[in-house]
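Heads up: the sequence shown begins at 1 in full-length UniProt numbering, then just goes up one per residue.
Source of the hints: derived by calculation from the structure; they are not laboratory data.
Computed from a predicted model, the values in this text were never measured in an experiment.
Beta carbons are placed, not taken as given, at the ideal position from N, Cα and C, and that holds for glycine.
Treat the hints loosely; a few may be bogus.
[Stated by the list, open to error] Here are the computed lysine-lysine pairs in the BS3-like style, where the Cα-Cα straight-line distance is at most 25 Å:
| # | residue 1 | residue 2 |
| --- | --- | --- |
| 1 | Lys700 | Lys720 |
| 2 | Lys640 | Lys830 |
| 3 | Lys884 | Lys486 |
| 4 | Lys700 | Lys644 |
| 5 | Lys486 | Lys911 |
| 6 | Lys360 | Lys486 |
[Unchecked claim] Simulated restraints on C-beta separations:
| # | residue 1 | residue 2 | range |
| --- | --- | --- | --- |
| 7 | Lys171 | Pro238 | 53 to 61 Å |
| 8 | Glu600 | Thr569 | 44 to 52 Å |
| 9 | Thr628 | Ser708 | 20 to 28 Å |
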Amino acid sequence: MAAVGQAAASEAALRSPTANILFKGDLEARLARVGDAWLDASRTFDALFVYTGALAAGEPAGYRKSYALVMYILGVEAQQTALVLQHTDAASVLWIGTADAEIWAALETAAPALGLSAGHHEADRHQNGVEVNDDRSGASSTPKATLLRGNLGSDWFLVAAWIATKRDLEKTLAVAGVPARSSLNLGALVKERNVHQGDFAAKCTAYVFGDAAGSDVATPPPVNAAEWIGNLLIAKLPDEIQNIRKASYLCAKVCQAYFVERMESILDEDTPVSHDRLSEEVEARLLAPATVGVQLVASECEAAYPPIIQSGRDGPFDLRPSAISNEQNLSTGLVLASIGARYHQYCANVVRTFLIDVEKPIRSMYAKALQALEAVRRALRPEQEAWVAYNAAIQELGEELAAAHLAGKHVGFGIGLEFRDSTWLLNEQNHKILRSGMTFQIQVGLERLGENSTLALMVADTVLVGGADPEGAEVLTQAASKSPAKVTYFLDMDADEEADDGTVGNAGKNSEALASEQVAGEPSAPSIVTRRRAQQSSAPDDDDAAAEAERIRLHQQKLAEQKLRESRTRILGKSASSAGDQYSAEGKGFRALNAYRAYERVEDFPAGLRPRQLFVDMEREVVLAPITGIPVPFHIATIKNASKSDESGFTYLRINFLVPGTSASTASASGAGGLTAPAGVSGAAARLSLFPDNPGFVLKELSFRSASAANLSEVFRKIKELRKRFTSRETEAQEKETLVKQAPLILETDPRRIPHLVDVSIRPSLGAGGQRANQGVLEAHVNGLRFRSRQQRAVDILYRNVKHAFFQEARNEVIVLVHFRLHTPIMVGKRKTIDIQFYTEVMDATVRLADTRRNPFDIDEIEEEQRERENRHRLNKLFFKFTKEVEAKANEELEFDMPYRELGFEGAPDKMQRFLMPTRDCLVDLIEFPPVIISLEDIEVAHFERVTYSLKNFDLVLVMKNFAQEPSRGETQWIRISSVPSTELDAVKKWLDSVNIPFYQGPSNLNWNTVLRTIREDLEGFYEEGGWRFLDAEASSSSSEDEDEEEGDDAGAGAKTRASATKASAGGAAADLSDQDEEYVPSDEDFEAESSESDYDEDDDDESFEADEEAIDLAEELGDDDAGEAELSSSDEGLDWDELERRTKEEERQKRKRWHDDDDDDEDDNDGDDDNENDGDARRRRHGRKQRARAPSGQTALTHGPKRVLR
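Work out the full structure, taking the sequences as your base and the hints as a guide.
Right under this line is the structure:
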């Protein structure tokens, strides 16, 4: 109870006015500012009189300069209080008069700290020394002390007086040395004459403006001091700036962390929520900052005004600060959110516009508004005139557009204790000089938009002049993103069909890159995927499906042209510079064999060495082999492997050594002397040892025989153990050498400000120790994350090193996780990795066979399922909250992405079936480890393979942008996702089109290693002939149909007839085709598969295998040199089944005849082409057929003349 009482007392102290009265140093700093401002040219008065009135219970004071000045001087919002400021060469006086008992009590309490002495008015003294209560209105007794006096600094004299109801105000002021009103040129707030209420306000009004009932003394009219007060308050002191920073962060955080997510949820789920209800929800978050992860004193936080939410496609929109949220439901189109916050009475504001399925002209207008807002921000510099900011916005928008659409005649206003300081509007008439410490709301609003001129948009931020940004004003509300990539949504894909060249090619870029690029032009918005869109597209009508297919086709044409230009510029521009150093990285981290020494001296040989016996020195990692009776040491680095066998009563041990000149397809590296690493060593082990110089002779192997197997078996075991130990150690050392040195992690000192997740597991494993050794706590610190295991092993991840961050909640999975893909690898345990995952199991992943038959009415099982659901929901919510806290901690250096389950599809990218889900920037499967993460920004083109009506699935090949470079070890240039269900074809196409990735399709698999190698041989020719356009099966199909009409129905003539027709059409007027538009034709060499490098999955279904066999057979028939102009299979498209069956039978007959002739005559007589072929051609074709028989089915590459390209 004592603790509760102390907490309540502390809370009461925070809420009381006494707690907010300024300290002496703060008050002196403010009075020094008053003294400096007294010299301002806007002051035309001798003394300033400002007062406030009484407010009813719960009535807000509003935004008035009187309350702002009282708050500025006293540090508390005071009612029934008056201030008089008079600054002369002789003396400077601050007089404070109040009739508010709480304010007077606060002044009395602060008097000792301020150096004030208590006293009484002479006329009010009673014989017992206590003031007589002359207030007969029923108020409580007046205080004992009614006057406080003292000096503040060396210039100011402070007098505070308790003003009773019947006390004469002028006599009270005379005590402080203020001249009589009739002789005083008084400054006051003229526009607030009839604003304040109460007896105290009436008394002050009579003093300033004269007695309304008439008086013998003429009262000179006061001078309006509003502009002078505005000039005083606009430049903030450090403590004021801190309050505005907190208010700015609060409103921006509420906008980004709550409103954006709430809006997305409402629109995604079609939930009817009205604007005014949503406004109330946002305001509740402003009053409770902890709900959005902001650690501020809740009693000091309040809404600057009721949040203004507007949305729709038809308007009307009201861009004024006085607008209110109506009862209409939130809808798509334009969504405007204006959110203002106050912290300790200091205001900040943020306005954001969200574009939901809007047309291109509106998106263009938004981009122009962002450009204008940036121009205003850059123009706000110290010692600059204020009108320059307005002029910068007009120049950026253009005078014609500004005159037609700019909302208002200004682009911002001063903000602070007043929400809107009308004396500091950023317009063309304001020639005042800007100073450091000034705070403004800058805004650009465009109205009268759309076909009916009923739409409007606005973007506004709170900024600080002379802040941390050297290029202009510092944006204090940057936590609320306004980049086009973050505020543009496409719930309906049809809304994006007007995207032009300016909008393609940006898929996959991160948010910051998009924001920096798109301010200068038309933005390319991310397509935000929603359940509603997925449901609408699940069963489209025939007309809708045809329209959608046509839209995708047209967009793909534009996309292909754009990508062709971009790729040609990117690749051809750097191919020359990269050609010379394509192998420069191969030698990094290599160690030559002469770096290893067995023994320095003979005396170092082990003592246990026996003559004429093999011996393994485990300490020195040396094998001593007897050669002619002499023990010769061989370091384990020189040994490739060893093998042991038993035969005829003897045991044989053969030791193979690393030798120069050997190569392996899986592990080869260029050495310093032009030699290669040995074959037979896997992965990084092959790169451990190189020969620096070419020796005169080498030792390749040693064989030993013994009748006793004991020693040889022991030596064999130790060699294997040493080799494993050496390879592991050297691989780890080389991985550490290639690591990029990371900056140190800056730890958060306040434990209360460290977001964390407990009892999470890490993947990959930290090492030995079991599952519990990989569990620990994940913490978010100042510049990165730290994972601490239970064994106190730490893994640090810097925010700037995170390339992609993912959060995947547990729905149908047994784990909830956060995953990080890094720019540069780090060491986790003893392994170098770029993928780190932290997860928690939401339920036991083990399935007991005894539980297969469950009773749906068992109470225990029902309760268990309920606990599992609650635990799943709790962990999902906990991880989601952690991601938001990390994003706030990282200050937009890191942003978590979530997979779109509705667009997920089955596929096998690595010989294992996975459920792949798109995100905003990637295609991922994070559940299985190692994960599949394909960055969209790295994809050059997509190709659908095995797309035929007879197959139940297809393959998707993604070609990466690095295809033009010679592949280095471990580098991926293309990825095949096989066994994708054919029912997902349209959905995958729509998704690829939405993220601006061009795609093509074909009927068979292609050997992409050969294709890409062929393209690299002549990159310039590849792009001159249309780049990837040869993959377009539809275009080739239409061309082949024209050729078939000229050929007739003679299938026996086959390839030879089609070849002659193609040659004739190339120069004829009917075809009129240029060289780059000629049909690409196959040759024998292109069908040779690379059996050792193929990534093709041989475990496809039977239908896939049969279709691929047919493709090989047809390719063999068309593989003759003289038939090089023939089509592969595209001419078969559009034929009926009878025609296809007839052609198939004819092709099989020709094939059997040709194979029979090959076996009898060792030459190829197919189609009567003997005159044009020699024995070498026949041998080459037979070799090609043998290679095809060993190659994976269906992988082909096609050629066109001397340039090999892909069909």
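Hint check results:
no.: 1; hint: Lys700 <-> Lys720; in the structure: 18 Å, holds
no.: 2; hint: Lys640 <-> Lys830; in the structure: 23 Å, holds
no.: 3; hint: Lys884 <-> Lys486; in the structure: 16 Å, holds
no.: 4; hint: Lys700 <-> Lys644; in the structure: 17 Å, holds
no.: 5; hint: Lys486 <-> Lys911; in the structure: 36 Å, violated
no.: 6; hint: Lys360 <-> Lys486; in the structure: 16 Å, holds
no.: 7; hint: Lys171 <-> Pro238: 53 to 61 Å; in the structure: 40 Å, violated
no.: 8; hint: Glu600 <-> Thr569: 44 to 52 Å; in the structure: 58 Å, violated
no.: 9; hint: Thr628 <-> Ser708: 20 to 28 Å; in the structure: 21 Å, holds
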